[in-house]
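Q: These are the residues of each chain, in order.
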Amino acid sequence: MRKNLILILIIIMGTILIGCWSRRELDTIAIISAMGIDKSEEEGKLSVAFQIIKPSELQGAIPSGAGSASSKGVWVLTSTGYTIIDAARNATMQSDRKLFFPQNKIVVIGEELAREGITPLIDFLNRDPEPRRTSWLLIAKGKAHDIISAKHEQVNIPAEAIENMIKSSSATSMAVQVNINEFLKNLASPTSDPIACRIEMIQDHQNKNQKMRLTGASVFRKDKLVGFLDEHETRGLNWILGKVVSGIILVKSPKDENEDVALEIIRASSKIIPEISDDQIKITIEIKEEGNLAEQLPDIDLTNTKTFKELEQRKAQVIKNEVQSVLEKAQKEWGADIFGFGDAVHRKYPKEWKTLQTKWRDVFPTINVEIKVDARLRDTGLSSAPVKGR
Amino acid sequence: MLEKGKISNNQFILIFVISRLMLTMAYLPYVNAPPWNQDLWISAILAFPIHILLVLPVYFLTNRFPGQSLIQSVETILGSWGKIIGALYVWFFLHRTAVILRELGEFLKAIPYPETPIIVFITATALFAAYSIYKGLETICRVAEIVAPLVLASVFLVFIMIAKDVDIYALTPVLEDGIIPVIYGGFVIAARSTLSLFLWMLKPFINEPEKIRTTVVLISFILTLHLTPTSITTIGVFGLEQAKILNFPFFHLVRMINIGSFLERIDALFIGFWVLGMCIDIAIHNYLAVLSAAQLLKLKDYRPIVVAMGTVIVSLSILQAESVVELNEFLSYKVLTWYNLFFTFALPLLLLIVAVIGKKRIDYK
Amino acid sequence: MLKWFKKLHRHFISSKLKQKLEHKTSEKTPNPLSSNLQENLTKIKEVFSNASDIVFRQFEIGSHTRIKAFIVYVDGLVNEEFVQMNLMKSLMIDMHISEVDDELNQKNTLNIIHQRILTLTEVSEVNDFQEVVEHVLSGDTALFLEGFATALIVNLRGWETRNVTPPDTEVVVRGPREGFTETLRTSTSLLRRKIKNPNLKFEKMKIGKQTQTDVVIAYIKGIADEKIVEEVKRRLSKIDADAILESGYIEQYIEDSPLSFLPTVGNSEKPDIVAAKMLEGRVAILTDGTPFVLTVPYLFIEAFQTSEDYYSRPFYASIVRLLRFTAYFVSVFAPALYVALTTYHQEMLPPTMLISIAAAREGTPFPAFVEAMVMGIIYEILKEAGIRLPRPVGQAVSIVGALVIGESAVSAGLIGAPMVIVVSLTAISSYVVASISDTVSIMRLTYVLLAAFLGLFGIMIGAAFFLTHMVSLRSFGVPYLAPIAPIVSEDLKDVFLRPHLWKMHKRPKLFTQNDLVRQEPDLMPNPMKNNTNNK
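Protein chains in written order, with the working numbering: chain A, 1 to 390; chain B, 1001 to 1365; chain C, 2001 to 2535.
Some hints could be false.
Among the chain C residues that face chain A by a calculated CB cut under 7 Å, a handful are [unchecked claim]:
1. T2342
2. T2343
3. P2351
4. I2355
5. A2358
6. A2359
7. R2361
8. P2367
Straight-line alpha carbon distances no greater than 35 Å define the calculated DSBU-like cross-link-like pairs of lysine-lysine that follow [claimed, not checked]:
9. B:K1006 x C:K2503
10. B:K1334 x A:K348
11. C:K2506 x C:K2227
What the hints contain is simulated information worked out from the structure, not anything from laboratory work. Just so you know, even glycine gets a beta-carbon here, dropped at the ideal spot from N, CA and C.
For reference, chain A alone in the conformation it holds in the complex (with noise of 0.2 Å):
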């Protein structure tokens, strides 16, 4: 009995000495939503902004209208530091709470740093057992902070529109998906360049407001930025990559140039075919489109085969052209692989690829690529002619 006593003694006293190390309450954490990487001022170091959740404002958390939405749901602290978890470290100077990273979606990088290169940057976002691989990476044109610090009208937490902003973008295809395990598998990859995803501040005319907007995708050579992509680019990019879901391409109507046809994008793939011959390398994309006519501004019927045969092949130009004007810039401009042609030559041709592999870079702006589109239109949705007023 005396013996169990003591043991037990022992067990609770040791339990109550050694334990507890990586205790932390709820109460003595910073939720970080969103980060912000900026150069700053001072040379050399960087400036981080987090986005730092406020669970007391957000009690009872239901969204009570657009009005409290600008409520302080977060709180923004900025942050010095020569590495980002000395900024992080930093930062707890001025924060009451510990920061804690693994809720955090959203990294922003600013337009200026990323042009310098962001391996330095990324390398905590890898190595630190806190953040999570699945947060999404943006590149701000213009500074990050701006982005970090920018409200919402719909949610209290800015991050969470962000990232609902990057997962509802297949709805036009007009921008990237990019999260952070992503840029580093193409980042790593030895063929391809990475891609990110890029937002920026825009003027609200009506209430003269800035505001948030997805504008594209940003492209790096290496780890360094090179440049951006608009909508349209970003949407050839999606293109060549086969991440097309869905989406509305313009066109004229067959019947009256000045006025515009909107056909939805139902569904795409696409495939990358290299070719060698006598040391030229040849590429071939075919792209697979299927769509329907979503809305049409001509009051003339277009429901015949003749028109839709028509409309198919301006559909085919338009998506061809979107294809033509982001391998101009990437391939031509930027030399940056970012469409995944060395992987698939590694693919098809691994032996001629060993003596490829060293000057790929050199090889790749001078590859010809041939675009092949197959563009359909199936359906006319719930009318077929539009209704003519007399």
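We have chain A already, so just place chains B and C on it with the hints.
A: The following block gives chains B and C in isolation, referenced to the frame of chain A:
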């Protein structure tokens, strides 16, 4: 007899599979071993026959000396010189337990408990191992019988849940560097296994020793069934280059799971199952160390040396390496493959040859 | 607790008394009755001195040959009316008017009375004084006759008994309502009515030096494993306690691992459950004075199987069984997981949930671990108070508990609302597996403690310890966690799901090797097939 319990062949399968699976699950060391490319999954399949091949010397030895465990049959073959070989094996088990303990600690220290000293995890788990050794082999195997299906099921659930994120093109081109590195890779994978020593130590306690061939094949099959999807998903999700630099690829894989925005962040659950599995892994290795030491010293009961051995193992696991880098150097394929192979294959083969030449055997009676 | 008291009691009992007791028991040497009636009377009066409930009635039998006689019984244990009408009347009146009166002489009285006079069914002759005393104390009536060293023991038992009522502990929606009663005979009769088979055996024993409690070992010969039956008998006969007041006493003397917090002996109040368990090869131990019948061997999964699973159709029953397992895990792990997740592994919570919990925790004074412990202990107090208090007061207590602890503590900001949800969820869940809910409380608090110190790692190490402990237990030779570990594949089908009755054509292999086949393997009802057979 030191151990009176009997275990069924199925229990043997589960206890071995779980003790193999747990470390592979956390560390997946094969990504940084031959064939160094996306053909790892082929190596995993090739490991299946090689694995069986590596068990053969011990299989013949156990047939030659039925009812005798490793230590006993070595002594039968070599007489008093066998004590030295026996002591080597005791060291092997001791050291292996210490290594696994350390790896458990390193993982927990790296991810969920960065501030906690590693000795806390090591001591707590060693305490559990000692407790289960007191309860005997049967108990350890029964716990494995509960935990192993759970762990296996959750691992395969992970495969299913991550399947949509796998980029199957990352696995092409197939056989880029030819078949030789792939076979070498299969060999490295198989050489990590200590199945032959488990078999040697535990065969006297197995219910139906005549069915041991099926058991060995089944074990190899389950391990292949686990490693092949693991390598496919890991490389498919992270790409080869990423998979190589990640310390805990499978853990990251679990973190990547996101189904319908609600089934996500299940990594802590994974840690939970992993700890449970590791407990059994450490318990059985510790048990083998204790049992072999007791057999070597010809003790009537192994219980008196459990605590002493446990203390040695805890100290060894902390002192064996200063940092995780040092530990990883030992665990890399360049060292561990040959270290293991010496004990699991080369030494038994030598002993078999000596036994055959010396015409030593024990007949069924 | 009781056990501890008993231990204490044993310690402090004076050695003299102990010796005396031992002397008394060893003194089972025959103590024959005297043929002198007066001697017997004084002797028995001496034994029963100062016992006001003992009734002596002296009278004479016969008209020609008058034979002195007396009866002894315990007032309250016999049916007075039967004594008057069936014993006294037949001895004192009927005998006079019947023809046997003439044949009566000094030598054949006992025989005549036994064979021809007494119209009662249960009459026996006893020579030993000690035995007579035992019989009288158990409620029999003893008849002494002048000149005979033998007493006639007549069973005229009749005491205040409780009716067969639906038990409070095991309530069913569908299934028999009857439960065992405190009277051993009633209980055995209930079992006999379920299993009308001569192989149903009731072996009787007396346990308890002071209480002399009747205990019956019930089993079905040919199904139950003889080894287990023998083991039960051996363990029961080794009990040397002075009192057996409830079957719980027996349980604590025969269980396999008294140091474990897990029960390895089952109990039930319902004849249908006990009958079903006996039909699977278990042995039942019925104790006089309590409606709770013990069944051995007892396995862990029995807590998850209820009689109603088998009475209702298998589909929903299977779902319910899975729910029961879920509820068990919830009630064991929920508070510990809550503590671990909110203090160690916040990254595992979905963002919105984390924010909600963090908002609720904002400004509460105690760490989550203290909250969990305090709430857990308060819940246990409320539960205990609710059971012990008289029913009307009990309701008041539960209202006060729910309002004060639940509502007010949250609105006063003392305790976070999620903790209240977790604790009440736990409390409700633990009653889904009511029969082991006491062990659940112990495990729950231990896990909370472990979670507070080491988070999920602590919980898992604890789970590993508990699991190892559980699989190492045995109940009468059967592994406690069977058929899950070790896996008994044939029995595994009736663990997580409830298969069709016609699928379970074999008895569980764990308890018995005898007569494993319950029925033909292919008894799936098929009306179409039967019809064609008939025609």
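Q: Are the hints correct? Go through all of them and say.
A: Do the hints match the structure? See the list:
1. T2342: 5 Å, holds
2. T2343: OK, holds: T2343 (chain C) within 7 Å of chain A, min 5 Å.
3. P2351: 5 Å, holds
4. I2355: 5 Å, holds
5. A2358: 4 Å, holds
6. A2359: 4 Å, holds
7. R2361: Cβ of R2361 (chain C) sits 4 Å from chain A, so the hint holds.
8. P2367: 5 Å, holds
9. B:K1006 x C:K2503: 31 Å, holds
10. B:K1334 x A:K348: Within the cut-off at roughly 32 Å; holds.
11. C:K2506 x C:K2227: This hinted pair holds, its Cα atoms lying about 20 Å apart.
When held up to the earlier numbered hints, the structure conflicts with none and fits them all.
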